[in-house]
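A.B. asks: Residue numbers (my numbering), protein chains in the order written: chain F, 1058 to 1145; chain W, 35 to 502.
Check before you lean on any hint, since a few could be wrong.
[Claimed, not checked] Here are some of the chain F residues that sit facing chain W, going by a computed Cβ distance under 8 Å:
1) A1102
2) P1111
3) T1114
Please keep in mind that the hints were generated in silico from the structure rather than gathered at the bench.
A virtual CB, placed ideally from N, CA and C, is assigned to each residue, including glycine.
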Amino acid sequence: MRLYIANNAPNSVLAVANLEAICREHLKDHFKLEIIDVLETPLRALSDGVLVTPSLTKLSPSPVAKIVGNLSDKSSVLHALGIKESVE
Amino acid sequence: MKSDLRAIGGNPPRPKPGPGFPARILRLVKSAPERQAIASGQVDAVIDPRDGRVFLLPDVQQALNEDQARVRSLLALSSDWFWEQDEFYRFVSHTGAASGSSGIYDESIIGRTLRDPPFDSMSEADWQAHRKLLEWRATFRDLELRCSDRAGKTRWVSISGEPTFDAQDQFKGYRGTMRDITLRKHSEARAQVSRDKVIGRAGGEQRVGQVPGGGAARGVFSRKNSAERKHQERLLGLGRKVAKEGSIANGLLAALPRKDYRRLLAGLEPVTLTYGEVLFEPGEPIRHVYFPNDSLVSLLTTVEGHHALEVGLVGREGLVGISLALGIDVSSVRALVQGTGTAMRMNAARFRKEFRKNLPLQGELYRYAHAKLAQARQTAACNRFHVVEARLARWLLMTRDRVRSDEFLLTQAFLADMLGVRRVGVTKAAGDLQQRKLISYSRGKIRILDRKGLEATSCGCYEIIENL
């Protein structure tokens, strides 16, 4: 997964925290995450087709998925990542 | 903190938000989910697909500005300076409000090290000891140095620093803080003078206006320590080998992945171990573990009515206090320093915590514990079956490998303890080895003249132990 953020901007900070919580709860250690600051490497984001931050792209397992926003809607993030939400 | 201080990258430059900015942003974004995210206020920045320019939304820009202002004001309020050094320990930058006012720390410091003016209290030995610490990439705290300000007045600063590494884990230099402690130093000096007066030593070693503690870092090196150490080294004939740039002297620490080593570093403290010092006695709690760098520690077991007998030898390849890794916090042996030198020390509580978390460290220490156990078994058999001369040769070779020097200081009484024989037995065995020109031995100083010959004389246990 790649998470594109803009330094310490509020939604970016929120996205990192939300994603960390989701990974901790649902993925344990079975994930690879790269956080990319577009203020430092904007062209990298462009080459990956990312225009806004925060954005999360899932590269594998396929299909590739992209989620835009601060990832506060947990169920849509899980859906996009292809994770079935466990029954509470 | 790291991210707070990170430069908000300006490549390529961003335009300041102006009227109509949100509309321009919206025009750049074509896809529905992205537009929706912007509309719901969940987006911070948009990248212009034509040239890669990054546009921050106006309120985000403001939040980041406030963030930077907050960091700036914290720096300004602090009484510390912040500094950075390159890989050659030369200052490359400094910041902090105090730097302008006190007049110590101006541009002239750039390109200089702590050994250079305006700092003037480090002796060559102090500097070498400090360099060594830096070469281990150790964190140092409260290094107190004298320097002169722009007006030529004497001032004191306290300096702390930690190593920095780049993304490829390459050493970049050091960064840290510096604080003006001149007032404290003067009041300490005054207090010392009044104490001297009370106990009738006025006019003794401390006089009014003199500042004590010339250039010493607390617990790291003091003048006394370094003089003592030099004396010991002369006695021992040990050349102090400065670790190679970027290398870690202790084998166990060097075997750890850099990341894990760096995590341990914060809890490690460099210490000098002095010949004859006892680190712990049997039955005593282990308060610290020691990773020797160029020191040598002998593990002895005592039997009632007899001298101590050596059951293990720890040098740069090992750790003193291994039983702590096995869950036992009381020592079963006496740990006696055989060769003066340095070691990295960690307190027992911290070590237990780090050991639990650090898998590579666990692996290394379990392997090491196994080797130690096998070494003790082999030594026990060796002491029972092999002649004194062969055992003495083995012991000298093992010592040589650990201190990496052909010369060391050993009294016959000490050797007798090591080998569990009477002193006369050692005298005879050492005399034989000397006669065969394998070693020279005078006034407690042993020099190995012929390593191959000594190996041939030694019992097979030397090879077995060294191959463990």
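A.B. asks: A separate judgement is required for each hint: does it hold in the structure or not?
C.D. replies: To see whether the hints hold, each was checked on the structure:
The beta carbon of A1102 (chain F) comes within 6 Å of a beta carbon in chain W, closer than 8 Å, and the hint placing it at the interface holds. With a least beta-carbon distance of about 7 Å to chain W, the hint placing P1111 (chain F) at the interface is held under the 8 Å criterion. Hint on T1114 (chain F) is violated. Least Cβ distance to chain W is approximately 13 Å, over the 8 Å limit.
Of the numbered hints listed earlier, the single one contradicted by the structure is hint 3.
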